[in-house]
Amino acid sequence: DAGVIQSPRHEVTEMGQEVTLRCKPISGHNSLFWYRQTMMRGLELLIYFNNNVPIDDSGMPEDRFSAKMPNASFSTLKIQPSEPRDSAVYFCASSPVGMISGNTIYFGEGSWLTVV
Amino acid sequence: GIQVEQSPPDLILQEGANSTLRCNFSDSVNNLQWFHQNPWGQLINLFYIPSGTKQNGRLSATTVATERYSLLYISSSQTTDSGVYFCAVGGQAGTALIFGKGTTLSVSS
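The listed protein sequences derive, respectively, from chains A and B.
All residue numbers for the first sequence refer to our numbering, where the first residue is 1 and numbers rise by one.
All residue numbers for the second sequence refer to our numbering, where the first residue is 1 and numbers rise by one.
If you are wondering where the hints come from, they were derived from the structure by calculation, not from laboratory data.
Treat the hints with caution; some may be incorrect.
Claimed, not checked - Straight-line distance between alpha carbons at most 30 angstroms, and here's what the computed DSBU-like set of lysine-lysine pairs gives:
#	chain 1	residue 1	chain 2	residue 2
1	A	K24	B	K101
2	A	K68	B	K54
3	A	K24	A	K78
4	B	K54	A	K78
Stated by the list, open to error - Here are the simulated distance ranges between beta carbons:
#	chain 1	residue 1	chain 2	residue 2	range
5	B	E5	A	Q17	50 to 58 angstroms
6	A	T104	B	T80	33 to 41 angstroms
7	A	E44	B	N56	46 to 54 angstroms
No residue lacks a Cβ here, since even glycine has one placed at the ideal position from N, Cα and C.
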């Protein structure tokens, strides 16, 4: 299994530009999570999906952020327009809900975003 | 929402020493996991342990759900154990995990 795959791994963009982060969850997993990590706020949940449906987006900081999951194997997190305070590591994670192994969550390697 | 507190915030050890990391949580949970974030930023799942005790090599974990805490034990620490250890808790299946602020472990040779 290839694990959770995120792209891009690193992105540097100018303030005001649109940023799109992509995630491919582990095949067969039906829950997908987007987290953001910063020094100040630690790891915080942005949004999560069950069976491609957004369940809780209360962590999405503002309207500039949006997330979609058009199918079970792909999700995007978009920031438009980006601001310097959006600089962070964005993690995607997936989980096989309902399996005997439990709700173990597997993280991708993260997308390191710098907005200048 | 659920509050997660980890202690100590920082820990410095000599190689070969043992350590205990603690995670307290404010409400009953159905999901508790320990993660290690290595110096390259990768988050690796160590244990899924909403209750009971598990061991994996030099690492073991115990969760006492009724008293709302979990402990992660690291024995005979190695420099490769350095990084940040996170405790994360959650409710029903399919709900998201809430992370503590982590314990930063530095192991020197």
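Quick rundown of the hints versus the structure:
1. A distance of roughly 27 angstroms separates the Cα atoms of A:K24 and B:K101; the hinted pair therefore holds under the 30 angstroms criterion.
2. Of the supplied pair hints, the one linking A:K68 and B:K54 is violated, its CA atoms being roughly 37 angstroms apart against a limit of 30 angstroms.
3. The straight-line distance between the Cα atoms of A:K24 and A:K78 is roughly 15 angstroms, inside the 30 angstroms bound, and the hint therefore holds.
4. With a CA separation close to 39 angstroms, the supplied pair B:K54 and A:K78 exceeds the 30 angstroms bound.
5. Remark: the range hint 50 to 58 angstroms for B:E5 to A:Q17 is contradicted by a beta-carbon distance near 38 angstroms.
6. In this structure the hint that A:T104 and B:T80 lie 33 to 41 angstroms apart at CB is violated, the actual value being about 22 angstroms.
7. Look at A:E44 against B:N56: about 28 angstroms separates their beta carbons, and that is not inside 46 to 54 angstroms.
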